[in-house]
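Peer 1: Listed below, chain by chain, are the residues.
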Amino acid sequence: MKTTIAILSALLCLNACTTVHFQSESGSFDRLSSDNSIVLLSNRESSEDFDDDDVEDCIGPAMYNVNQELRFVPAKQFRRNLYPYFAPSTTPHDLEGYKNVLAKPEVRQRIDSLGGTVFNNTDKGRDKY
Amino acid sequence: MLVAAIILFPAGCSLEYNLKFDMQLPLPPVVKQLPLRVGVYYTPEFVEYIKKVELTGCGPSGRRDKTGIFFIFPVGTASQDLFDQIISSMFTTVISTSNPPQSLDKVLPIDGLLEPRIESFDWDTVCSDDYFSKWKSKTRVSYLINLYDSLDGSLVTSMYIEGQSTVLKPKLCFMFKDCNESLGVAQAIQDAMAKFMIDFHEQSEVGRWLSAHLPASGDRQRLH
Numbered sequence: 111m112k113t114t115i116a117i118l119s120a121l122l123c124l125n126a127c128t129t130v131h132f133q134s135e136s137g138s139f140d141r142l143s144s145d146n147s148i149v150l151l152s153n154r155e156s157s158e159d160f161d162d163d164d165v166e167d168c169i170g171p172a173m174y175n176v177n178q179e180l181r182f183v184p185a186k187q188f189r190r191n192l193y194p195y196f197a198p199s200t201t202p203h204d205l206e207g208y209k210n211v212l213a214k215p216e217v218r219q220r221i222d223s224l225g226g227t228v229f230n231n232t233d234k235g236r237d238k239y
Numbered sequence: 018m019l020v021a022a023i024i025l026f027p028a029g030c031s032l033e034y035n036l037k038f039d040m041q042l043p044l045p046p047v048v049k050q051l052p053l054r055v056g057v058y059y060t061p062e063f064v065e066y067i068k069k070v071e072l073t074g075c076g077p078s079g080r081r082d083k084t085g086i087f088f089i090f091p092v093g094t095a096s097q098d099l100f101d102q103i104i105s106s107m108f109t110t111v112i113s114t115s116n117p118p119q120s121l122d123k124v125l126p127i128d129g130l131l132e133p134r135i136e137s138f139d140w141d142t143v144c145s146d147d148y149f150s151k152w153k154s155k156t157r158v159s160y161l162i163n164l165y166d167s168l169d170g171s172l173v174t175s176m177y178i179e180g181q182s183t184v185l186k187p188k189l190c191f192m193f194k195d196c197n198e199s200l201g202v203a204q205a206i207q208d209a210m211a212k213f214m215i216d217f218h219e220q221s222e223v224g225r226w227l228s229a230h231l232p233a234s235g236d237r238q239r240l241h
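Taken in order, these protein sequences are the chains called V and D. For the first sequence, the working numbering assigns the number 111 to the initial residue and increments by one for each residue that follows. For the second sequence, the working numbering assigns the number 18 to the initial residue and increments by one for each residue that follows.
Take the hints with a grain of salt, since some may be wrong.
Stated by the list, open to error - List time: in silico BS3-like cross-link candidates among lysine-lysine, alpha-carbon distance up to 27 Å:
(1) V:LYS186 to V:LYS209
(2) D:LYS49 to V:LYS186
(3) V:LYS186 to D:LYS186
(4) D:LYS69 to D:LYS83
(5) V:LYS186 to D:LYS151
(6) V:LYS186 to D:LYS153
Since the hints were made in silico from the structure, they are not lab data.
Can you make the complete structure from the sequences, with help from the hints?
Peer 2: Next comes the structure, spelled out in structure tokens:
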């Protein structure tokens, strides 16, 4: 079954779950299906006291409530598989940064080899690689 | 470990852990491989670089307590393990040499020579100021990676890179088990090397070196 990876980045988190600014490569969550896998990534440059687990705990349940078909890829697994991209110092900080990384053929190839598709909001709908 | 600290420290004893880190990457790094032959030279100082750090415990209101427990971090061997893996994915051929760059063997069939050096390594615990002081571990490691041209032995570039990691909820590790993740050292080394892999192609000096050594212009275009 096709897996879809939507990249979501929690960029600025001040105190636990009080303020979360997140940026999405996809549309709204209710348009995602069980074909979609989502990874939630923290941005340690913005707030080092809020790691991937915190982002998952903070946003994950709310997203799941909106759409219970969503599947989550552990951030650790995603970061390992995409190394050297998405290491703490090389994780993009904004949408433009994500677009640049995801546009790289070698990155697309790796995501593809892992059975993935990347949502890219520069195109309408899913952008299959 | 806490119990050990309570028993050991007042008794004036100390405990040393010789740590070992598994630096094996689960998959080859996501990088375009350059059709170049590169040599790698590790100085004895690099390979033998270790750091001994005493574990600091966190008392009430951010008080820092000595524990008498010392971690011995094999930074050199861990860095070498990972550097070997990343350069093997960056270049088609990697040759390990015991000759320093100053005596670069002109007959060695290489395009360049890499010489990584460890600039600094710090590992510490940080205690929060609240009464039930929480602790986290922070690692910072920095390297200087020199690239020499095989044509004349000159230094092409010297890249300073730094890696960091913060473990917010460190778990205590006993006898090497789970130390890999709980101390954050492997992550900091991986972070620095990730930066090296990405920044390498952005150096103008590296661009000129590539132009001089890449086999054909067609290959050059495909790689950029």
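Peer 1: Please list, smallest to largest, the hint numbers that this structure does not respect.
Peer 2: none
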